[in-house]
Amino acid sequence: MSAPEHTVQVLSPVSGVIAHRVAIGGGALGILAGIVLSVSHMDEISSAPLAIIGLSLVSVAAVYMGMAASPYRAPFRRRDHAIVALLVLVAAGFDAASQLGTNEVLRDDWGPVSIALVLLGIGFFRPTHELLICTAICCLTVGAIAVVESASFAFPAPPITFAIVAITPVLAMGLSTAVLSSAFFRSYERSAQAAAAGPELRAAVESAVRSRRLEALGDEVIPFLSSVLESGTISEKDSLRARRLASELRAVTVAQLDASWIDEIDIDVDDPSRAAEKMSGEQRSAIRGLVQSATDPDLAATASMRLVAHDRSVVGTLRLERQDGERLDRGELAPYIAMVRTFFPTVRTEVRGTTLRVIFAYDA
Amino acid sequence: MTAVPLEEALERRAAADAVGAAVAAWSVVMLALTMATVATIALPDRPSAALVALVGAALIASPVLMLPIPARAIWVRVLFAATSILGLVVFTVVCSSGVHAGDPAPGYAVTLGSAAFVAINTSVTWRTTTIFAIPALYAVTIVVPIVFVVVPAHAQWVFDLFTAITAATLVVIVVVLRASRKRAQAAFDAMTQIRASVERGAQQDQLEARASAIVHDTVLNELAVLATTPPGQLRPEVRRQLESTLSQLSREDWLLGASASAKPAHSAFDAVIERCRLRGLEVTVSGERELVTALAPDVASQLFLAVEQCLANVLKHSGRTEAEVVVLGSPDEVSIMVIDDGVGFTEPSEPGDRIGLRASVRARLEELGGTAQVWSTPGAGTSVVLTVPAVA
Chain A
4 MSAPEHTVQV LSPVSGVIAH RVAIGGGALG ILAGIVLSVS HMDEISSAPL
54 AIIGLSLVSV AAVYMGMAAS PYRAPFRRRD HAIVALLVLV AAGFDAASQL
104 GTNEVLRDDW GPVSIALVLL GIGFFRPTHE LLICTAICCL TVGAIAVVES
154 ASFAFPAPPI TFAIVAITPV LAMGLSTAVL SSAFFRSYER SAQAAAAGPE
204 LRAAVESAVR SRRLEALGDE VIPFLSSVLE SGTISEKDSL RARRLASELR
254 AVTVAQLDAS WIDEIDIDVD DPSRAAEKMS GEQRSAIRGL VQSATDPDLA
304 ATASMRLVAH DRSVVGTLRL ERQDGERLDR GELAPYIAMV RTFFPTVRTE
354 VRGTTLRVIF AYDA
Chain B
139 MTAVPLEEAL ERRAAADAVG AAVAAWSVVM LALTMATVAT IALPDRPSAA
189 LVALVGAALI ASPVLMLPIP ARAIWVRVLF AATSILGLVV FTVVCSSGVH
239 AGDPAPGYAV TLGSAAFVAI NTSVTWRTTT IFAIPALYAV TIVVPIVFVV
289 VPAHAQWVFD LFTAITAATL VVIVVVLRAS RKRAQAAFDA MTQIRASVER
339 GAQQDQLEAR ASAIVHDTVL NELAVLATTP PGQLRPEVRR QLESTLSQLS
389 REDWLLGASA SAKPAHSAFD AVIERCRLRG LEVTVSGERE LVTALAPDVA
439 SQLFLAVEQC LANVLKHSGR TEAEVVVLGS PDEVSIMVID DGVGFTEPSE
489 PGDRIGLRAS VRARLEELGG TAQVWSTPGA GTSVVLTVPA VA
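Going down the list, the sequences are from chains A and B. Following this note's numbering, the numbering of the first sequence begins with 4 at its first residue and continues without gaps. Following this note's numbering, the numbering of the second sequence begins with 139 at its first residue and continues without gaps.
Misleading hints may appear alongside valid ones.
To be verified - Under 7 angstroms between C-beta atoms, here's a sample of chain B residues computed to sit facing chain A:
id, residue
1, 155
2, 168
3, 177
4, 178
5, 179
6, 213
7, 216
8, 358
9, 450
10, 497
To be verified - To be clear about the criterion: a stretch of chain B counts as covered by chain A if any three or more of its residues have a C-beta under 8 angstroms from a C-beta of chain A, and this derived list gives those stretches:
id, region
11, 241–254
12, 295–306
13, 309–321
14, 329–343
Since the hints were derived computationally from the structure, they do not count as laboratory data. Computed from a prediction, not measured in an experiment: that's the story for all the values here. Cβ coordinates follow ideal geometry from the N, Cα and C atoms, glycine included.
Make a model of the complete structure from these sequences and hints.
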């Protein structure tokens, strides 16, 4: 699978869930601003059909943004960004066209304002460089439209002034979304370094593993080997004891080799080919997070998972179900679903009654 | 498993920092554009007025100076809020100096400054302000033009939609963040713990696998030898091996294997072959032996331990006392093939079978990012190919 993109939504699915709500709110405000400004300055509109097309396009853009930003459709891709940006730019174009020659005041045009509002939450979903490129394209387009319209404006000012006025909301929102994306990563990396996993964690784990092994060997095995070495001889009884200890140690070693990370979470697993071991660290985090959240007492769901290995891929089905007949709170699970969608190349979710099924595939 | 204690969820802290920085950036860009607008209109004719407007804009933006301060005392907030209001008054008065009776007010530059005023004063008090602060700040942007422009100049007051949209947007953001806070904080914390737990689990799995390999190569091997040793005096090589094992396990770093890389790779490889020859195995080495010198020391030491286990398996299970070791490679990887023409074997029939292959060979190779492939047929010998990345 291709590497996940460097976006806030990928690194922090919880932020993605919040940003989805911001995107919905921004989209609603964008539509509202369009309607209010159109109605309040209806005398400047020369072509009502073009104005209606523009408002329809901004509504489509807001609805598309709200749907694509959903954690159940994560991750939000470059294609989604391009579609939303294109729709709002074309909508702004129709707004300008609907007032061509009759537009006296630029500040009451809804086009630039709606672009900024519909793209309000975009900083969480796309990487910084892409946000900057999109902002530049939007500003150039909106600025050019304002310059073309400037002949009809009542206020005596140079065209550059109108261009600056027009790009103000777009540039301010665009740059702030880029700052948000970049600031998140800088803060996250700084905090992650401060939390200091790395060498200290490895030393702590190493110490724990070493102590446990020595404790297991120290009861009988090491004293036995030491006593044989000290005496310099071996008896029939020693040979029998060596055989028994070897057998016990072999069994413990096999059990340790067979242990899987999946044993540590509260889930029934059908994984005959031990395919869970093929999951990456991010994929394990995503599955573990979803299962832990669903089986938490608040949601009280039961979880079961089946992993079927094929030639080059593994297909998993995670089944989450409430036993009391209530529906699962999907909102509570949203960030974890988003995480699964981000880190597995193929994911589908199905809701049937009280059961949520998450079907995913990954490289074997 | 105990999760790694963290002072605060990384995502939560990062998200809070990012939102604060974004709103501050929005405000500063707004002010910069406001100044650009003022400059293009007023600078050619009234440079002194543009300069005063710049001072007013700077005062409006002054609360951003609080951003680096983690704990902001109430008097500091009040001081900066007052400064910002003063800036709004100065900016509004200067930008409205040409307004006459009946003209619309506030003008466009004033609306930009007002929107920035609302956004800046909301963002710098982000974590503690109530949602009612936003309408209060918005009210200031209505009162200031009325008191300082509309009433004195008898201008016509017009509704400032731009600032209203800004305030409404901020209300939406604050409402969403507040509504999501409780659930999101729990999810942020859970996610951080899960990630820490998975990271710890990965480290633990790796070290457990290495410990199993070492225990297999040392303790289990010694016990197997003692189990088949006839009663009486210990043979010198058994005694030496026992001493070596007990000495290794008494070292603090036995799990990390720090001493394994002390020798250059080629001499460590030769030492492995020599040890196997001393145990009675006739080993023939061919291929591109110099390739092993390109391996990183820790990779080489783990690879050679796996090779030694393969050769030990030949001696123990194949029924032959001859084996061939072939070193092959490419710019990206190095492979060592261990071949015998012994009895061979089939796939493990019970869980305890072939744990040497699993613990000492496969697990070691997986830890290095390599692979161990086995081809064996009963009666037709066994070939094991160990491949590791050739990154020095």
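Quick rundown of the hints versus the structure:
no.	hint	result
1	155	holds (4 angstroms)
2	168	holds (5 angstroms)
3	177	violated (9 angstroms)
4	178	holds (4 angstroms)
5	179	holds (6 angstroms)
6	213	violated (28 angstroms)
7	216	violated (26 angstroms)
8	358	holds (6 angstroms)
9	450	violated (15 angstroms)
10	497	holds (6 angstroms)
11	241–254	holds (count 3)
12	295–306	holds (count 4)
13	309–321	holds (count 8)
14	329–343	holds (count 13)
In summary, the numbered hints that this structure violates are 3, 6, 7 and 9.
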